[in-house]
Structure formats: C-alpha cells, structure tokens
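Student: Quick note, the sequences are listed as chains E and A, same order. First residue of the first sequence: 0, per numbering that gives the first Met the number 0; consecutive thereafter. First residue of the second sequence: 0, per numbering that gives the first Met the number 0; consecutive thereafter.
By construction, these hints were calculated from the structure, which means they are not laboratory data. Keep in mind it's a predicted model, so treat the numbers as computed, not measured. Using N, Cα and C, we set each Cβ at its ideal position, and we do this for glycine too. Where hints are given, some of them may not hold.
[As the list claims (entries may be wrong)] In the BS3-like style, the derived pairs of lysine-lysine whose C-alpha atoms are separated by at most 30 angstroms in a straight line are:
| no. | chain 1 | residue 1 | chain 2 | residue 2 |
| --- | --- | --- | --- | --- |
| 1 | A | 279 | A | 301 |
| 2 | E | 409 | A | 301 |
| 3 | A | 301 | E | 315 |
[Stated by the list, open to error] A few chain E residues that don't get close to chain A, going by computed Cβ distances all over 10 angstroms:
| no. | residue |
| --- | --- |
| 4 | 41 |
| 5 | 46 |
| 6 | 207 |
| 7 | 220 |
| 8 | 238 |
| 9 | 357 |
| 10 | 411 |
| 11 | 419 |
| 12 | 429 |
Below are the chains, spelled out letter by letter.
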Amino acid sequence: MSVEADKGHVEIAAGGRGVQLAGRLKKAAITAFVVLLLCIPMVAFRTVDAQDGLALVTRWDMVATLVAIAFAGQFLWDVLRESATASTAAGQVGKPVGRALGSLLPYLGAGMIVFAVALPFMPFSDRYIMDLAVLVLTYVMLAWGLNIVVGLAGLLDLGYVAFYAVGAYSYALLAQHYGFSFWICLPLAGMLAAFWGIILGFPVLRLRGDYLAIVTLAFGEIIRIVLLNWYEFTGGPDGLSSIPRPDFFGLEFKRFGENTFHGFFGIEYSSLHRIVFLYYLILILALITNVVTIRLRRLPIGRAWEAMREDEIACKSLGISVVKTKLTAFAIGAMFGGFAGSFFATKQGFISPESFTFLESAIILAIVVLGGMGSQIGVAIAAVALIGGLEWLRDLDFLKQIFGQDFDPKQWRMVFFGALMVLVMVWRPRGFIGSRKPTVALGERKAIGSDLVKEGHG
Amino acid sequence: MEYFVQQLINGITLGSIYGLIAIGYSMVYGIIGMINFAHGDIFMVGAFISLIFILLLAAVGASSIALLVLILLVVLALALALTSVWGFVVERIAYRPLRGSFRLAPLISAIGMSLFLQNLVQIIQGARVKPLPPLVPGGYTIMESANGFTVQLSNMQILIVVATVALMAIFTYIITQTSLGRAQRACEQDRTMAALTGVNVDLTISLTFVIGAALASVAGMMFLLYYGVIDFYIGFLAGIKAFTAAVLGGIGSLPGAMLGGLIIGLIEVFWSAYFSVEYKDVAAFSILAIVLIFMPSGLLGKPEIEKV
Chain E
0 MSVEADKGHV EIAAGGRGVQ LAGRLKKAAI TAFVVLLLCI PMVAFRTVDA
50 QDGLALVTRW DMVATLVAIA FAGQFLWDVL RESATASTAA GQVGKPVGRA
100 LGSLLPYLGA GMIVFAVALP FMPFSDRYIM DLAVLVLTYV MLAWGLNIVV
150 GLAGLLDLGY VAFYAVGAYS YALLAQHYGF SFWICLPLAG MLAAFWGIIL
200 GFPVLRLRGD YLAIVTLAFG EIIRIVLLNW YEFTGGPDGL SSIPRPDFFG
250 LEFKRFGENT FHGFFGIEYS SLHRIVFLYY LILILALITN VVTIRLRRLP
300 IGRAWEAMRE DEIACKSLGI SVVKTKLTAF AIGAMFGGFA GSFFATKQGF
350 ISPESFTFLE SAIILAIVVL GGMGSQIGVA IAAVALIGGL EWLRDLDFLK
400 QIFGQDFDPK QWRMVFFGAL MVLVMVWRPR GFIGSRKPTV ALGERKAIGS
450 DLVKEGHG
Chain A
0 MEYFVQQLIN GITLGSIYGL IAIGYSMVYG IIGMINFAHG DIFMVGAFIS
50 LIFILLLAAV GASSIALLVL ILLVVLALAL ALTSVWGFVV ERIAYRPLRG
100 SFRLAPLISA IGMSLFLQNL VQIIQGARVK PLPPLVPGGY TIMESANGFT
150 VQLSNMQILI VVATVALMAI FTYIITQTSL GRAQRACEQD RTMAALTGVN
200 VDLTISLTFV IGAALASVAG MMFLLYYGVI DFYIGFLAGI KAFTAAVLGG
250 IGSLPGAMLG GLIIGLIEVF WSAYFSVEYK DVAAFSILAI VLIFMPSGLL
300 GKPEIEKV
C-alpha cells in the first residue's frame with residue numbers, strides 16, 4: 000500500500016539521510032491516513048441486529064490497530080525495498096535461476112507425473128490427502144480444458160463452468176432416467192457439452208474482447224439460473240442426489256454384493272479403494288486432456304488456434320476459416336469441461352447449481368492465467384498452488400495465537416484468497432511459467448518469453 | 000394500461016441505479032481498457048457506508064422534512080467522499096502495478112479484489128441482511144383504473160430519477176467542459192501521446208476510478224433507500240447487470256451506459272411483471288446476446304477500427 004510511492008522515492012533520492020527518514024515518515028503517515036479513511040465507517044462501526052432494526056457498535060480500538068499496522072508496514076516496506084534494490088543492483092541474481100528452471104521443465108513434468116502415479120502408495124496418503132488430490136486433479140483437468148480456449152485460441156471465456164455443469168447434469172440425468180453406466184455417459188456428456196460449446200460459439204463469433212467476456216459470463220449465468228429454476232427436470236436448488244458410482248469393468252466398490260472389487264481380487268474391503276480408483280480415473284482423464292492438447296497443437300487446427308490468437312486478420316487473409324477455428328476451440332474446450340463435470344457428478348454422488356457459480360469460472364481462469372496461459376505444466380503447478388492453497392487456508396489455526404482466540408480463520412479464508420490473487424498477479428503478471436517453446440519453428444526450437452506471445456482479441 | 004405504466008415507472012427507477020453503476024464500468028474501460036470486476040463491490044461498500052451514516056444520523060431524528068433532506072445530503076456527501084477513497088485505493092493496489100501488462104492480468108487481479116472486498120465486508124459487517132425502515136415515505140397516485148388498481152409514484156422513485164438526472168448533468172459537464180474531462184478524453188484516445196503533452200496520466204486514471212466509485216456510491220445509497228435491505232452480496236449481481244448494461248450500450252460510451260442501464264432495468268421489470276420473476280436475468284442476458292449478434296459493439300459504441 001505505497002500511496003504516492005513515486006513522489007516519496009524522488010525525495011529519498013534527492014535528500015540526505017535526515018530528509019530520507021522524514022520522507023519515509025511522511026509517506027507512512029499518508030498511508031496511515033488513507034487507512035483511517037477506509038476504516039472510519041466500515042470498521043469503526045459494525046451494524047448489529049437490535050430490538051428495533053439495526054444498531055451500531057463502535058470498534059475504535061481495531062481502527063487504531065489497523066492504522067498503526069499500516070504506518071509501520073509502509074515504513075518497513077520502504078526500508079526493505081530500498082535494501083532489496085541495492086542488493087539486486089550489486090549482483091544480478093534473479094535471471095540465471097529462472098533460466099535453470101526453464102531447462103528443468105521437462106524433467107519437472109515427468110517428475111510430477113511419476114509422483115502423481117505413485118501418490119496413492121505413499122505412506123502419508125490418507126483419505127484427506129487423496130480427496131484433496133482428486134479435487135486438485137479435477138481443477139487441473141478443467142484448467143487444461145479452458146487453456147485450449149483462452150491460452151491457445153485466445154478467446155476469453157468467463158463462463159466455462161457452464162460446460163462443467165452440462166457434463167455433470169448430463170451424466171446425472173442420463174444415469175437416473177435411462178440407467179446408463181458411467182462409461183457410456185462419459186462420452187455422451189462430453190458430446191453434449193461440446194454441443195453447448197458450439198451453441199455458445201455461434202452468437203459470439205463476431206464479438207471480441209470484453210464483449211465476448213460478458214456474453215460468456217452471461218451464458219454461464221443463464222445455464223445456472225435455468226438449472227436452479229427448472230424444478231421438474233433438474234431438481235432446482237435441491238439438486239440431484241444418489242447419482243450412481245462408477246464401476247471398475249463391472250466390479251463395484253461396495254462392501255457387500257455380487258461383483259465387488261475386493262471380492263474379485265480377494266483383498267479386504269476398504270473404503271479407500273474407491274477413492275484411489277477415482278483418483279486414477281481423474282488422473283487418466285486429465286492426462287488425456289493434456290496429451291490431446293499437445294497433439295492438437297501440432298495439427299493444422301491447433302496451429303490455426305494459435306495463429307488466430309496472434310493475428311486474426313492475417314489468419315483470415317491466409318484462408319483459415321475463423322468460424323471453424325473458433326467453434327472447434329469452444330467445442331473441444333467444452334468437451335473436456337463436460338468430461339470433468341461427469342467425473343465430478345460421479346465422485347460427489349450429489350450435484351446442485353451451487354457448485355457451478357461464477358466463482359468456479361473465476362478460479363479456473365485464474366489457474367490458467369497464473370500458469371502462464373498456454374503452458375501445460377504451468378497450469379498444473381498453478382492448480383496445485385491455488386487449490387492446495389485454498390485448502391491450506393482452511394486450517395490456519397496458528398493465526399489464533401497472533402490475533403487471539405476470537406479470531407476465526409475459516410471466515411478469513413476467502414479474504415486471504417482474494418488478496419493472494421491480487422498479490423500474485425502484481426508479482427508475476429505473466430504467470431508462473433513465463434516462457435514457452437513454439438510448436439513449429441524454422442531450425443532450432445527456442446523457448447521464448449511469454450511477453451512475445453499475444454493474448455488474442457477474442 | 001395502468002399496470003403497464005406502473006411497471007414503466009419501476010423499470011426506469013431500477014434502470015437509473017444500473018445506469019449509475021454502468022457509467023463506472025464504461026469510464027474505466029474507456030480509459031484503460033479493463034473490466035473493473037470490483038466495481039460492483041465498490042457499489043456494495045457505498046451502500047454499507049450510507050447505511051452506517053444513516054444509522055448514525057438517525058439518532059438525531061428526522062422530525063421535519065428539512066431535517067430529513069439535510070441528513071440525506073450529509074450522508075450522500077460522506078458516502079461519496081469515503082467510497083471514493085475505496086475506489087482510489089483499489090486502483091492503487093490492484094491495478095496500477097499492472098498497467099501496461101497484458102490484458103488478463105488486471106482482470107484476474109480485479110476478480111481477486113472483488114472476492115476480497117465481498118468477504119471482508121461479510122466479516123467486518125456480518126453476513127446477515129441489513130434492513131432499514133423507509134426513510135422517504137409517501138408518494139403520489141397518478142392513475143386509477145376502474146378495478147381499483149392504482150399507479151403509484153413514490154417520493155423515493157422521484158428522488159432516484161432526479162438524483163440520476165442531476166448527476167448525469169454534472170458528470171457530462173465534467174467530461175465535456177473541464178480540464179479533467181479533457182485530460183480523460185485525451186488518455187482515452189492515446190495515453191502515450193497524452194503523457195507527452197503534459198497530461199498527468201496516473202492522476203487522470205486515479206480520478207476516473209474516483210468518479211466511478213462516487214457514482215457507484217450514490218447508486219448504493221439509492222439502492223439502500225429504495226429496497227430498504229442490503230447485504231454483502233448485492234455487489235455481484237448488480238455489478239454483472241451494470242456491466243451488461245455498459246456493454247449493451249456500447250462500452251466506453253457514457254450515454255450508452257445510461258441507455259443500457261435503462262434498457263436492462265426495463266427488461267427486468269417487464270419480464271418479472273408479465274412472464275416470470277425467476278427468469279428475469281435470463282431475459283436480460285439473452286437480449287444482450289441478441290443485440291450483440293447484430294451490433295457487435297453495442298447500441299451506441301463505436302466499432303473498433305483495426306489498423307493492419
């Protein structure tokens with residue numbers, strides 16, 4: 000929170016030590032004053048329910064604490080930044096590390112896959128870890144799917160969760176009404192989602208930039224509202240429950256019954272079996288998404304996506320059909336969303352429109368952008384960091400020791416999450432993995448900085 | 000007929016509120032080309048600040064009409080000033096460091112900011128809805144049909160429309176006549192060139208956010224007084240609707256934002272009145288999609304000319 004940072008900086012550079020201190024103190028005082036203004040109505044008074052309407056409770060002590068923190072924080076931040084700038088100027092340490100990381104990327108990817116395959120057999124893998132891993136992989140898959148639309152084709156989609164919802168409801172409804180098994184429903188759900196992707200694609204063909212963004216957002220909201228209100232068909236806010244679980248080649252994960260997994264293999268029943276099975280299922284689905292994306296990038300259609308992202312007019316003049324390119328991007332991205340959706344439905348056994356809010360779209364988009372837009376491994380790392388971070392924020396009990404026992408960390412989870420999203424973007428606007436290799440090149444394929452990659456107009 | 004007129008009045012009132020928020024989106028988009036997702040939450044903060052000051056001043060007691068007007072004006076001034084500080088700080092922290100970065104970075108930052116503000120207010124002010132008894136009572140009966148249906152025009156509705164028209168007048172004056180407005184339009188056209196001719200670009204952008212936040216705070220106060228109930232979540236839906244309105248009118252165009260706001264408000268009210276309340280948002284969004292198919296840059300927007 001460095002208000003008037005530039006002005007303060009100039010003063011520091013110009014003056015001696017005393018002036019420097021005075022400048023810093025002045026800057027800190029300004030910050031503290033701004034915080035005071037922010038706090039005056041919102042923190043100082045809390046509206047509480049009373050006998051006749053609302054009453055106000057004052058909290059001036061909290062305001063004083065916050066203002067003091069702001070003053071000290073701004074002051075320390077300036078001092079630290081000063082010394083940090085001095086040390087980086089002395090010996091450029093930042094760059095070689097980044098380059099080394101770049102050359103390690105292929106090994107990192109292989110290492111992550113090996114780790115993911117071995118995870119269920121690790122000694123620390125209990126039920127909690129496995130559940131979390133399934134959740135993270137679901138988001139990895141969703142983000143890889145959205146990456147096709149946003150990262151490769153450069154079409155900003157703020158309503159991706161709609162396809163996730165279509166996939167989930169397709170599976171749930173097909174299974175409930177027709178008794179189809181998971182393995183028949185999975186491709187059907189993908190096809191239906193792809194179909195909806197094309198339906199969304201048609202009206203937005205001519206739109207660009209933020210016009211596209213708002214229509215996709217609206218589309219996501221429309222799907223959610225329809226799911227919420229079409230009570231006879233979707234169960235409305237109650238959602239759909241008792242969605243059938245998937246089986247392993249006809250073997251069910253039940254304690255008792257005819258064809259049980261543990262009975263067939265002659266092992267003891269454990270509720271963990273199903274979770275491990277679901278884990279491998281989503282791992283395979285996610286890896287399929289990854290492989291398909293990598294292969295598609297080398298096909299003419301994938302090259303057309305990236306070409307369209309870089310320059311739509313050049314694309315058109317070279318005879319590439321923009322209509323076909325955009326619609327395939329939407330359809331294939333949506334298809335993977337649909338697969339992930341039907342996996343979600345079978346994992347949860349219960350779905351309701353509440354799982355498909357705009358927040359989900361925002362989180363998936365944040366993963367793609369944080370991962371570096373178009374970098375497959377970057378997206379995976381971002382998903383682990385973001386979803387793992389979100390889970391980690393659930394148990395921040397150590398904060399109780401700092402802020403006292405009244406402090407409830409669970410409430411603050413989304414506040415921290417929002418603040419982290421802002422901080423990470425400010426820190427690395429280009430995401431974690433900022434470089435990428437072109438799919439085709441004349442001669443040697445060199446990794447280029449992502450600031451050379453365009454983000455598309457669409 | 001009477002029913003229709005009543006809905007028209009309600010629609011214009013709602014549309015005015017949307018329009019005021021939409022101007023904030025449109026202005027920010029015009030000047031730095033980003034969707035300020037946190038704008039809806041600034042509107043919500045404005046509503047909360049108004050609520051707190053109304054409760055503080057209500058202790059004085061609004062015994063006469065003159066006193067009530069005075070209280071409302073004081074609340075308006077305070078809410079306007081303090082919400083502007085929020086708008087300023089949001090720009091300073093979340094957007095300014097990302098200026099000149101690629102397009103999606105500020106968008107994600109804005110979504111993060113929106114989450115932050117929503118949940119922060121939920122914690123510091125509580126998650127329960129905040130009811131407020133109507134402060135501006137009374138109204139007029141304009142029409143009365145044979146079967147006893149009356150068309151009501153409440154004082155609050157008059158107040159909202161009058162305030163919106165007044166603000167629009169002030170605002171148009173600022174944009175077209177003052178040096179700030181000139182600087183703003185210059186930044187909109189070419190930021191580098193504006194900086195070269197001596198326009199303080201950072202200050203101009205900051206002031207754009209401040210003006211947007213001020214208009215949103217007025218919308219927040221009107222929303223609070225009109226509906227008499229707010230919670231920490233109102234910013235999301237109102238923000239999306241207002242953004243829809245801004246895009247419908249042609250993003251970057253200020254009369255377009257107001258027009259879009261009115262259209263969205265009218266669609267919503269008429270759809271609720273004649274068809275179904277549940278699908279009013281679907282109707283608004285569908286109209287948006289249909290209009291954009293035929294006019295890809297909105298109703299009053301200028302088509303983007305691309306140089307090759």
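Student: Next, verify each hint and record whether it holds.
Tutor: Structure-based check of all given hints:
Between residue 279/A and residue 301/A the CA atoms are separated by roughly 28 angstroms; this keeps the pair inside 30 angstroms, and the hint holds. For the proposed pair residue 409/E and residue 301/A, the alpha carbon gap of about 47 angstroms is over 30 angstroms, so the pair is violated. Simply put, residue 301/A and residue 315/E have alpha-carbon atoms about 23 angstroms apart, close enough for the 30 angstroms limit, and the pair holds. Residue-level check failed: residue 41/E sits 6 angstroms from the nearest beta carbon of chain A, not beyond 10 angstroms.
For residue 46/E, the shortest C-beta to C-beta distance to chain A comes to about 6 angstroms, within the 10 angstroms cut-off, and the non-interface label is violated. With a cut of 10 angstroms on Cβ distances, residue 207/E falls inside the contact zone with chain A, its closest approach being about 7 angstroms. Distance check on residue 220/E: its Cβ comes as close as 6 angstroms (rounded) to a Cβ of chain A, failing to clear the 10 angstroms threshold; non-interface status is violated. The beta carbon of residue 238/E is kept farther than 10 angstroms from every beta carbon of chain A, the shortest such distance being approximately 16 angstroms.
Under the 10 angstroms C-beta cut-off, the non-interface status given to residue 357/E relative to chain A is violated; the minimum distance is some 8 angstroms. Non-interface status of residue 411/E relative to chain A is broken: a Cβ of that chain comes within 10 angstroms, the nearest being about 7 angstroms off. Some Cβ of chain A comes within 10 angstroms of the Cβ of residue 419/E; the nearest lies about 7 angstroms off, and the non-interface call is violated. Here residue 429/E does not stay apart from chain A, with its beta-carbon only about 7 angstroms from theirs, under the 10 angstroms limit.
Hint compliance for this structure: hints 2, 4, 5, 6, 7, 9, 10, 11, 12 are broken, all remaining hints hold.
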